[in-house]
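*Asks:* Sequence:
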Amino acid sequence: WLEAFRSHPKIGEKKAEHQTSPEAQHWSEQEQSGTRGGAQETMRLLAELNDQYEAKFGYIFIICASGKSSDEMLARLRERLKNDPQKELPVAAREQALITQLRLRKLVAI
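Residue numbers (the working numbering): 217 to 326.
It should be emphasised that the hints constitute simulated quantities derived from the structure, not laboratory data. Note that the Cβ used here is the ideal one computed from N, Cα and C, for glycine as well. One thing to keep in mind: the hints can contain errors.
[What the hints assert, rightly or not] Computed spacing ranges between beta-carbons, pair by pair: (1) 323 x 302: 29 to 37 Å; (2) 256 x 317: 26 to 34 Å; (3) 319 x 285: 29 to 37 Å; (4) 225 x 320: 14 to 22 Å.
Can you build the whole structure from these sequences, using the hints too?
*Replies:* This is the structure we're talking about:
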């Protein structure tokens, strides 16, 4: 799971830690479209809490962002920061699985 997490940019950012395909970059931008137009304070908090999350858990905050607003993602990030590492990894893995399912559906539809 951790390797898969590294292929995603932080919520609100465009670049992932590892190089990804142009299709994956495009899908990520589409999925994170809820962060576009987010209030400046919300975006600042997302960046700040993303850093706290990564420091606490050792990997970036993973969420299936498709259809979620920046405020929704911020609320989920705040909630998940309360988790302990043993509880959070399966949550992040489920979110990664949702992202993978969504992208497989897009790939098959091409």
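*Asks:* Now tell me if each hint is right for this structure.
*Replies:* A quick look at each hint next to the structure:
1. 323 x 302: 29 to 37 Å: For residue 302 against residue 323, whose Cβ atoms are near 33 Å apart, the range 29 to 37 Å holds.
2. 256 x 317: 26 to 34 Å: 33 Å, holds
3. 319 x 285: 29 to 37 Å: Check failed, 21 Å falls outside 29 to 37 Å.
4. 225 x 320: 14 to 22 Å: Holds: the Cβ-Cβ distance is about 20 Å, inside 14 to 22 Å.
The structure shown violates just one earlier hint, number 3.
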